[in-house]
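K.L.:
Below, each chain spelled out in residue letters.
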Amino acid sequence: MELRDRNKLLYGRAGFGVSLGDDTQPRPIGDLVPGMFPGQQPDPLSVVTEAEWAEVMPRKEMDPQARKEKRTEMRQQLGELNLRWLNEMVTTPYPLLEKTSLFWHGHFACRIDNPYFQQRLLQDIRSNALGNFGDLLKAVSKSPAMLSFLNNQQNRKQHPNENFAREVMELFTLGRGHYSEDDIKEAARAFTGWGFDTNGSFIFRERAHDTGQKKLLGKKGNFTGDDVLDILLEQKQAATFITQKLYRYFVSDTRIDEGRVNELAKYFYHQDYDIGKLLARLFTEDWFYDEKNIGAKIKSPVELIVGYLRTVPLRFTNEKTPLQLQRILGQMLFAPPNVAGWPGGKSWIDSSSLVIRMRLPEALLGSKEINLQLKMLDTELADTSEKMEIHTTQFNLARAHPDWSNYVNYWKQQPLQTLPEALADYLLPVRLPGEKLEALKQFADKDTPEEYIKSLTILLMELPEYQLC
Amino acid sequence: MSVSRRKFVQLSALASASLLVPKFLKAFEYNPMPTAWSSEKVLVIIQLSGGNDGLNTIIPYRNDIYYKSRPKLAIDRATALALNDEAGIHPALQQIKALYDEGHVSILNGVGYPRPDRSHFRSMDIWQTGSRADELLTTGWIGRYLDENCTNCDSHNTRAIEVDDTLSLAMKGQGRSALAVSDVDKFYKAASDPFFKKMAATHAEAHENQLADYLYKTLHETVSSADYVFQQSKVYQTTQTYPDSALGKRMKMIGSLINAHADTKVYYVAHGSFDTHVGQMQRQEQLFKDLDHSIAALVADLKQNNRFSDVLIMTFSEFGRRVAQNASNGTDHGTANNMFMISGALKKAGLYNPLSDLTDLDEGDLRYQLDFKQVYATILDNWLAASSRNILNRKYDLLGFI
Chain W
1 MELRDRNKLL YGRAGFGVSL GDDTQPRPIG DLVPGMFPGQ QPDPLSVVTE AEWAEVMPRK
61 EMDPQARKEK RTEMRQQLGE LNLRWLNEMV TTPYPLLEKT SLFWHGHFAC RIDNPYFQQR
121 LLQDIRSNAL GNFGDLLKAV SKSPAMLSFL NNQQNRKQHP NENFAREVME LFTLGRGHYS
181 EDDIKEAARA FTGWGFDTNG SFIFRERAHD TGQKKLLGKK GNFTGDDVLD ILLEQKQAAT
241 FITQKLYRYF VSDTRIDEGR VNELAKYFYH QDYDIGKLLA RLFTEDWFYD EKNIGAKIKS
301 PVELIVGYLR TVPLRFTNEK TPLQLQRILG QMLFAPPNVA GWPGGKSWID SSSLVIRMRL
361 PEALLGSKEI NLQLKMLDTE LADTSEKMEI HTTQFNLARA HPDWSNYVNY WKQQPLQTLP
421 EALADYLLPV RLPGEKLEAL KQFADKDTPE EYIKSLTILL MELPEYQLC
Chain U
470 MSVSRRKFVQ LSALASASLL VPKFLKAFEY NPMPTAWSSE KVLVIIQLSG GNDGLNTIIP
530 YRNDIYYKSR PKLAIDRATA LALNDEAGIH PALQQIKALY DEGHVSILNG VGYPRPDRSH
590 FRSMDIWQTG SRADELLTTG WIGRYLDENC TNCDSHNTRA IEVDDTLSLA MKGQGRSALA
650 VSDVDKFYKA ASDPFFKKMA ATHAEAHENQ LADYLYKTLH ETVSSADYVF QQSKVYQTTQ
710 TYPDSALGKR MKMIGSLINA HADTKVYYVA HGSFDTHVGQ MQRQEQLFKD LDHSIAALVA
770 DLKQNNRFSD VLIMTFSEFG RRVAQNASNG TDHGTANNMF MISGALKKAG LYNPLSDLTD
830 LDEGDLRYQL DFKQVYATIL DNWLAASSRN ILNRKYDLLG FI
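Residue numbers (the numbering used here), protein chains in the order written: chain W, 1 to 469; chain U, 470 to 871.
By construction, these hints were calculated from the structure, which means they are not laboratory data.
What follows is a list of derived Cβ distance ranges for each label pair:
no.	chain 1	residue 1	chain 2	residue 2	range
1	U	Ala602	W	Lys446	57 to 65 Å
2	W	Arg59	U	Asp654	45 to 53 Å
3	U	Asn859	W	Glu206	45 to 53 Å
4	U	Ala796	W	Glu55	17 to 25 Å
5	U	Ala796	W	Pro313	47 to 55 Å
6	W	Gln154	U	Asn859	34 to 42 Å
7	W	Trp404	U	Pro560	54 to 62 Å
8	U	Asn859	W	Asp257	30 to 38 Å
9	U	Asn859	W	Ala340	16 to 24 Å
10	W	Glu55	U	Lys772	53 to 61 Å
11	W	Asp197	U	Glu555	48 to 56 Å
12	W	Gln25	U	Glu604	48 to 56 Å
13	W	Gln154	U	Ser778	44 to 52 Å
14	W	Ala66	U	Thr548	30 to 38 Å
Just so you know, these numbers come straight off a predicted model, no measurement behind them.
Each residue gets a CB set at the ideal place from its N, CA and C atoms; glycine is no exception.
Using the sequences provided together with the hints, build the complete structure.
P.N.:
Dropping the structure here:
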């Protein structure tokens with residue numbers, strides 16, 4: 001594969017796509033990869049401080065009206081957090097960090113409507129996303145968000161609740177089939193007493209903890225929750241399970257090369273679960289740039305939206321429009337469908353979501369009206385009970401204001417004859433056959449060079465090929 | 470800014486989708502008489518979103534516990550429409566009551582599942598996927614029905630239709646999914662965009678890229694499905710009056726497609742929100758009126774065309790509500806609930822099983838008597854001629870309503 005194509009594949013996978021100018025001077029992969037890792041911890045994305053949170057938190061003694069108002073405020077803050085993170089994905093100089101954080105956000109799926117807890121969990125994820133998996137696992141497992149989502153507050157010596165232990169083993173570390181039901185029961189006993197206080201700080205409630213002996217994965221001892229996590233990390237299967245998922249996320253939806261995965265998993269394990277090292281190696285492997293890996297991923301809705309916004313900046317009259325886009329396309333940050341996260345791959349596409357994806361570019365960039373009905377979310381259901389109208393939510397994208405200036409100025413330098421090909425090469429992961437390129441030209445607006453650039457761009461973004469990366 | 474594709478619109482109206490089958494899909498040309506789908510049986514699923522209060526739907530009007538638990542919300546005996554000595558139906562469901570008297574309604578009581586979840590989204594997932602509470606499935610029960618039975622439907626994709634803009638999990642399978650259409654004309658217009666058609670027709674299986682092929686196949690299916698649904702929607706003009714509500718319009722579309730003998734086996738529509746934490750009385754009544762009139766119009770439409778015995782209408786909700794009312798004249802999330810089965814071909818009409826026992830509660834909530842997966846299994850085996858064992862991954866005892 002040519003170096004330019006290698007660069008494009010890398011930008012598409014380790015980030016959210018090529019930026020203007022990226023492709024003019026291709027650089028050797030070995031030079032490019034180290035620069036993708038930020039040298040320091042990311043600044044937290046913060047929409048609510050701890051002090052503000054204490055004010056906003058709904059309390060039992062409040063009357064129903066006041067509690068309802070608090071809930072509305074919480075939902076707004078969660079929306080703000082969502083938009084902050086989305087904006088970070090669009091503007092960051094380190095897309096790899098956000099792309100990898102998005103992976104962990106699905107891996108450690110957590111659906112609670114508490115914005116402060118979600119904000120802390122996101123920070124735990126972003127600050128460990130490229131660090132050590134063991135640290136990440138421990139930070140997430142002790143976060144108030146996950147402890148409350150997986151009911152570990154209710155996990156007590158007298159009444160063990162297995163939910164947390166089950167998900168830690170099934171979804172966070174080992175995967176189905178690599179532990180027994182007894183292992184879950186014993187691990188649940190070890191996690192008894194793990195909880196958080198009203199400020200969301202982790203606490204270990206000694207009186208609720210079962211100090212007795214436990215048997216877990218062939219080991220015996222008076223294990224605590226920390227011991228359980230260490231024992232799980234000792235299992236080579238944990239490295240294999242995580243590496244497999246990372247491979248699927250960064251390399252291919254459709255083809256898993258077991259040999260490559262095992263090789264990488266071994267490396268990951270021996271590097272003490274250093275995620276950054278694992279990814280740096282993955283991106284510098286020659287096989288990563290095999291032809292068959294081109295276009296082997298379907299963009300998730302969030303990747304798609306971030307891609308739109310990175311290509312041509314958009315301002316929305318209604319600033320919540322990106323939230324509605326996430327919902328209509330089927331991936332809302334902070335609201336994964338269940339504890340297993342988003343299934344991804346082909347499941348993003350059905351006939352209606354494909355048509356919506358193909359119509360959005362014209363709505364966003366060509367100011368064509370599009371009206372769609374949103375399904376209700378549970379968090380909104382509670383809210384609508386007082387409004388007596390039958391609930392339907394419409395959203396309308398006609399009020400998106402694209403800022404084409406940079407984009408058009410850049411592409412104006414391209415000779416008109418080669419413009420369609422150059423744009424196709426810039427926007428699509430795969431090469432467009434000549435026949436399609438010809439059809440594309442027929443449909444484009446040739447009145448002025450500027451309109452030609454815009455209409456070709458919109459048409460290219462509507463193509464099924466644009467859904468791939 | 471105008472993309473000049475609009476200049477092509479008139480041209481494209483002449484060319485129907487079938488003329489533009491891409492080369493690589495020629496092998497899958499539509500077969501008008503697929504054998505696996507010879508039966509005319511149709512299922513219409515109405516999802517009552519938000520958790521409908523079953524105790525104020527089918528009212529245990531001889532039960533003191535009911536009245537004591539709901540001082541402001543209970544419906545008194547005189548107001549409820551009597552079904553028998555024990556039970557009445559919500560006064561807004563007048564026409565469903567009339568159908569009940571004709572023997573066209575079967576009411577299943579206490580339908581739920583073990584270890585009920587009170588979160589809307591989780592419990593809705595459990596109902597839509599047909600899973601157990603401790604099991605995570607990523608496909609829906611109707612989606613798996615399509616996977617299993619739709620080996621013959623490659624050229625268009627109309628065996629199951631959700632009347633909405635996006636698909637519910639219930640309708641998504643591993644390899645196949647239902648079609649989402651909320652407005653036939655709009656959908657047809659969107660999907661028959663000349664640029665999309667041209668691209669679908671131009672795609673040749675040149676690449677090795679299997680995902681691109683998958684997307685183009687989906688695109689082609691969508692274009693021909695939109696075409697098919699559009700044609701079918703023009704076959705039959707109803708003379709019935711449906712409510713001028715979102716639900717009414719959707720039911721009207723369902724009626725027109727069924728009466729046109731479209732090849733759709735399952736229709737899915739949602740109605741709500743029933744999440745009545747506050748001020749329940751007024752809201753439930755309003756939603757029920759709409760539901761009652763919409764169902765009545767559909768049934769009348771079907772009867773007029775002798776199709777009522779081919780159609781089963783099923784209602785469900787992700788959970789019922791707690792027995793006791795709350796302080797805001799509403800009810801909070803509960804567990805087991807009732808389901809309506811409405812058809813001209815019921816084997817057992819009336820109250821299918823006894824009302825839930827209010828003296829034997831589980832922390833203030835009803836205990837389930839019937840697993841909802843038994844209901845699905847019954848419909849799959851006895852109505853849709855499918856294999857519930859494969860679709861639900863285990864065998865459930867069937868019920869006798871159809």
